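2 protein chains.
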Amino acid sequence: MPRLFTDRFILTPGPTEIPNRIRLALIREFTNPDLDPDFLELYKGVVKKLKRLVNAEKSDLYIMIGEGMLGLEAAIANLVKKNDKVLVIANGVFGEGFADLVRMYGGEPVLLESNWRRAIDPSDVERSLEKNRDIKLLTVVHCDTPSAILNPVEEIAKIARGFGVLSVVDAVSSIGGVPINVDTSGIDILIGGSQKVLNAPPGLTIITISQYAWDETERVKYNGFYLNLRIWKEELDKEGIFPYTVSDPLIRALDESLNMIFEEGIENVYERHRKARQAAWSAVEAAGLTPYPMKIEDSSPTVTAIEVPTGIDEAKLRETTWKKYGVMIAGSWGKLKGKVVRIGHMGVQASRNYLILGFTALARALRDLGFPINIGKVVEAIEESFH
Amino acid sequence: MPRLFTDRFILTPGPTEIPNRIRLALIREFTNPDLDPDFLELYKGVVKKLKRLVNAEKSDLYIMIGEGMLGLEAAIANLVKKNDKVLVIANGVFGEGFADLVRMYGGEPVLLESNWRRAIDPSDVERSLEKNRDIKLLTVVHCDTPSAILNPVEEIAKIARGFGVLSVVDAVSSIGGVPINVDTSGIDILIGGSQKVLNAPPGLTIITISQYAWDETERVKYNGFYLNLRIWKEELDKEGIFPYTVSDPLIRALDESLNMIFEEGIENVYERHRKARQAAWSAVEAAGLTPYPMKIEDSSPTVTAIEVPTGIDEAKLRETTWKKYGVMIAGSWGKLKGKVVRIGHMGVQASRNYLILGFTALARALRDLGFPINIGKVVEAIEESFH
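Taken in order, these protein sequences are the chains called P and G.
One rule links them: number in the numbering used here = place in the first sequence (from 1) + 7.
One rule links them: number in the numbering used here = place in the second sequence (from 1) + 7.
So here's chain P without its partners, still in its complex pose:
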């Protein structure tokens, strides 16, 4: 059967379905963002809303044109100099991945490894920093999407600050779905993405920079252009000129996403994501499956990772949900590839009906491949969690 344009849903943990309000914002009006003073005001308004979202009133915040990786690399490029020691909290694929970026810029990553099925224990971070007094910077991922693990980044940032160590937090797949307080926790650089919980298209990196981080950029003096944070400060903040032409429709889409969040109420949005996590975990249990994280508290409210049952071919499973049932779910990356499938509950996906689409497709595909599931129970589990 050919794939029907109207019978398909994206339940992957980003990119996600794009709500109609955001689609319309994408094409409502175009301008020359370099020359239109109204656009500069719009951009500043989006920055203000983002600062409010992550409580980063004391930091600077920029929206750069590029995928989340741009922000992650920019953080390292601007803060790491040759031979700098960096504590890399490596309890997941993306956590570990920071080590590669650190090496690219001549830094020396010190890996803090731990059980990938658990959130990192802040006391382990404390011990590592005590043992390695020459560490200048620490990296940690808030939601390590490939395993769905949620790390306690606020506690970790506070510990880092206590040691005079800067903190870089990858919040690409949590921003907008999990509370983050940059100011009170002292996160020095926080990176967010447009295409995860914010339900906008890929192409924007959000980055906050504390005064401590700015001071460090003066020591490091990174010299490139596109990844250079200081150029944003010098050209945009001081002159009101973008370093390069930003993508006005993507900024408008992000603006509409933030409007939707504030209209619903930030706390309501977070509560809805927690409910979605509960619903997903209940559905996993009702289906007789096993979540990858050990405990629900260690699992992100934005994505659920599920072990692929023994004997089931993961590629075949995902192909079946997509090609046969019109629902795209995700596999995983790195050492979890083939072993884990994931359903996103990010933004619009964090709802009863989207989760029912995701889990009934997963259940039907598993049933087709020989793993029997009571689909009615799965639907009821989700329905009940949202009451």
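Note that these hints are calculated values from the structure, not bench results.
Take these hints with a grain of salt, some might be off.
Reference excerpt, derived from the structure (chain P facing chain G, CB under 8 Å, subset only) [said to hold, decoys possible]:
hint, residue
1, Asp14
2, Ile17
3, Glu24
4, Pro26
5, Ile34
6, Phe37
7, Leu108
8, Met111
9, Ser135
10, Asn139
11, Thr224
12, Lys228
13, Phe232
14, Glu274
15, Met335
All of these numbers come straight from a predicted model, not from anything done at the bench.
A virtual CB, placed ideally from N, CA and C, is assigned to each residue, including glycine.
Please build the complex by placing chain G on the supplied structure of chain P, with the hints as guidance.
Leaving out everything else, chain G in the frame of chain P:
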């Protein structure tokens, strides 16, 4: 009078107005570009169309997520090593700007300066290369947008190849509006942008890479991630995996733009841009104004740069066209700032009615500021050029 949403047109030389077909392509369908095999096919199809557009069948071509500056910096980052000498053809703002990028990567720019009102003379390039036998790379801008100068990049690339020198061509604001033959001229890296003649939103960089350029990347071994061309070859070409999540709506918009070009016929599109240049120059003459380039042949078919008449405040002039007449035109940059205004004729703008909007707004604003213009003659000059 408040600015009316429906009574405003963007006549700047990129970003431009976005045609409705491209707006609709932006929001027609969203997917997870990392996981949807159909999207990978779509991306490959767009690459194929772009290769056809610039005759780059023998080169590799990628569409990276970021503004044109990303591609310019990627070219230099991947081809320039410490102490490499680079011939920078500096007869315009962007031409000159390459020198900064070269320095960022430790290279030594050798500036070939010449009259900014003229296209570069290829024999000057030849003489420079004869004199500087240790030059490894040459940079040149096809359409140097701030002055509207069009350089003979194909001849220059051929000369470079004759000396065993690599060529990097910035075609950000010409691609799609001026013929470019990468294969026959031997351009090693060509960079294009989405937001100029292609009338798509900002956010995409197009880059072609010849085998000679690939060989050079092996010598240079640039080590970053986001700007690293070799990662695209290794991950996308070999594994079918994007190095990071690409922006699916922007790729779809670019695809639709290319469909429009091929439906019209590439040669017809180029002819329309040449007519637009003629119309713009006739309008400038009818208005009693002076083009910035000395001769029409040295001026790009995609943009016209006009001297601001003595005694006219350029900022006030542009504010009047936009705020009072609803038409945005551009000023210029660098040493041309305040002295030149520009009207784009890129893609949809390269048409009779768009040019009439642009030039009648310019004429009315100049008249308001005390420079008398016979507006009827301006309109007729444009009308006649399109017959």
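Each hint, compared with the structure:
no. : hint   : result
1   : Asp14  : 12 Å, violated
2   : Ile17  : 5 Å, holds
3   : Glu24  : 7 Å, holds
4   : Pro26  : 10 Å, violated
5   : Ile34  : 4 Å, holds
6   : Phe37  : 5 Å, holds
7   : Leu108 : 7 Å, holds
8   : Met111 : 5 Å, holds
9   : Ser135 : 25 Å, violated
10  : Asn139 : 25 Å, violated
11  : Thr224 : 15 Å, violated
12  : Lys228 : 11 Å, violated
13  : Phe232 : 5 Å, holds
14  : Glu274 : 28 Å, violated
15  : Met335 : 6 Å, holds
Violated hints for the displayed structure, listed by number in ascending order: 1, 4, 9, 10, 11, 12 and 14.
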